[in-house]
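**Q** Chain by chain, the residues:
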Amino acid sequence: MSKARNNPLNSFAAHAALIAYTLIALFPVFVILINSFKTRKAIFRDPLALPEADTFTLIGYQTVLKQGDFFLYFQNSMIVTVVSLTLVLLFGAMAAFALAEYKFKGNMLMGLYLALGIMIPIRIGTVAILEMMVSSGLVNTLWALILVYTAQGLPLAVFILSEFMRQVSDDLKNAGRIDGLSEYTIFFRLVLPLVRPAMATVAVFNMIPIWNDLWFPLILAPAEETKTLTLGSQVFIGQFVTDWNAVLSALSMAILPVMILYVIFSRQLIRGITSGAVK
Amino acid sequence: MATLSIKSLGKVYPGGVTAVSDVNVDIADGEFIVLVGPSGCGKSTILRMIAGLEGITSGDLQIDDRRVNDLEPGERDIAMVFQNYALYPHMSVRGNMEYGLKNEGLPKAQIAERIAEAARTLRLEEFLDRKPANLSGGQRQRVAMGRAIVRDPKVFLFDEPLSNLDAKLRTQLRAELKALHKRLGATFVYVTHDQVEAMSLADRIIIMSNGKVEQIGTPMDLYLRPASRFVADFIGSPSMNVLDGTVSSDRRSLQLNGSHQIDFGTELPTAAGNQIAIGIRPEHLHQNTAGETRIELSVGFIEQLGADTVVHGTIAGSQSPLAVRLNGVQARDSGDSIALSCGRDQIHLFDGTTGQRLNWDNQ
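The listed protein sequences correspond, in order, to chains P and L. The opening residue of the first sequence carries number 448 in this note's numbering; numbering runs sequentially from there. The opening residue of the second sequence carries number 16 in this note's numbering; numbering runs sequentially from there.
Keep in mind that the hints are not guaranteed to be accurate.
What the hints assert, rightly or not - Under 10 angstroms between C-beta atoms, here's a sample of chain L residues computed to sit facing chain P: (1) 68; (2) 71; (3) 75; (4) 88; (5) 93; (6) 97; (7) 105; (8) 162; (9) 167; (10) 279; (11) 280; (12) 284; (13) 325.
Calculated from the structure, these hints are not laboratory results. Glycine included, every Cβ here is placed at the ideal spot set by N, Cα and C.
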């Protein structure tokens, strides 16, 4: 095993594959980033060129910051993502704990029911959701988005977390019970810290689709004061004229927070994905 | 410090499986009780019922005359040490020990005092700020004991605490545990499947099989007067030779399955023609003809342990297996024959069908 791993040829092949994948994955991001610093003409003349002295411009960023309430959009996206994630993780973990820890009639069925949402795309229900939001007066509020995203994220969260919670040793929870801890304390103070890698995994898997979503903001909350970043960027894309400088700048800026959150979660994420595989 | 009274305790699982039935025992204050038996005999279930981790189907459980059947584990004033330590992995040693106390709302000064004391007792002072992952198995088990000690409970429960340790460490911790019991003077209930552990630690042993109590008694009671064939077989290493046979017509000898006959020189306490079993411990057979009962062993293979030699073989002229423990280093070849004898007072009789002990005046 270790012999194979040390084989320079194998190691070269593995690294070549990884580097190739990294390049392919990073290429679009790189193109967006360099072009966001270029003049419109330069973007179209040579999209792959790096910004030079005569093609460098910050006009895109200036447009974005001036036109459209970019910070408000940003804030909306942030609120929706963070609150939805918090709710998904909190309720998902609670449901997962109940499914993993307590034996009750219909436990299996309940687990299946909660996981069913993984297989059914939530967008199929868009019309019904819209009707519901209209009649409950939630259209054009951030709550509409938060509720939808929470519902969208819960099935996978419950599914992944309950698997991980089953692995937490029973004796550990029992030790807590003998120490006189309440079930809530056991959940929050003993179990949650131990499934943190799984929580991070769920957080990242949920965060990116929520942050990037255009569909639900467009349908449920298109008002100026509730626009999210992705929706806000669309103002620069017109039917006839598209302000590419602004679009690329907005996208570049939208990448940042996701990247920061990812860096925070990534250590835990890798542990979550590889746990079991490594041990 | 407390007494523990178990009255006709039973456990039936929802599927209808009876795990434990009709267990009765009164445990005195400060007693070291060991529950022993093969896996699946219900010993851990009893411990978990005492702890409150498992519901009680029938019977009563009292700690200090207070019925605790329906109390939560945290309200029973007990502490438990688990086989796999069950330390909180994300907390330091100190954190592990103080967490329960903090949760009870004990004053900080008192917590610190108790932890210092427990750490001194268990020689854990230098490890207080380490995480469990950075401790050896023995140290982890001491932390688990520390976590139990600081709670100052009425009853300590141990669920095979030494099973995950290597043999040497197990012996060492066994001694520490015994010393700890002496120092605390607390009531200990200890579960193990290891009869050596049971014999060396217990004031009294409860030996179980198939959810039922086989015998309750001091280690020497169990060794010298096993109440059933099961107990005879379970206690002692190598285990007791148990030979099935039929009582002869004059009731003075036993016809073994096969052609061999063992003479007793006195009447057996059962009718002629009955099926019974006799039990002789390997260490009670001697290489001389001084004892009343003579047996000839045909050597199969030997185990040389240094201090003594265990010879396995069959009784000459039959297929009945027999083991004997001889003193010191002894060389024997397969096929050799050894003349052995055994005092009549060291022969146990068991009923052939029920396996219960038959008493006779063999002294």
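**Q** Give a verdict on every hint.
**A** The hints, checked one at a time:
1. 68: At about 5 angstroms, which falls below the 10 angstroms cut-off, the nearest Cβ of chain P leaves the hint on residue 68 of chain L intact, so it holds.
2. 71: 16 angstroms, violated
3. 75: Hint violated; residue 75 of chain L Cβ to chain P Cβ min 21 angstroms, cut 10 angstroms.
4. 88: 4 angstroms, holds
5. 93: 7 angstroms, holds
6. 97: Hint on residue 97 of chain L: holds, closest Cβ of chain P at ~4 angstroms, below 10 angstroms.
7. 105: Hint on residue 105 of chain L: holds, closest Cβ of chain P at ~5 angstroms, below 10 angstroms.
8. 162: The hint holds - residue 162 of chain L has a Cβ within 10 angstroms of chain P, the shortest such distance being about 8 angstroms.
9. 167: Since chain P brings no Cβ nearer than about 13 angstroms to residue 167 of chain L, farther than 10 angstroms, the hint is violated.
10. 279: Hint on residue 279 of chain L: violated, closest Cβ of chain P at ~51 angstroms, above 10 angstroms.
11. 280: 55 angstroms, violated
12. 284: 48 angstroms, violated
13. 325: With Cβ-Cβ at 37 angstroms, over 10 angstroms, it is violated.
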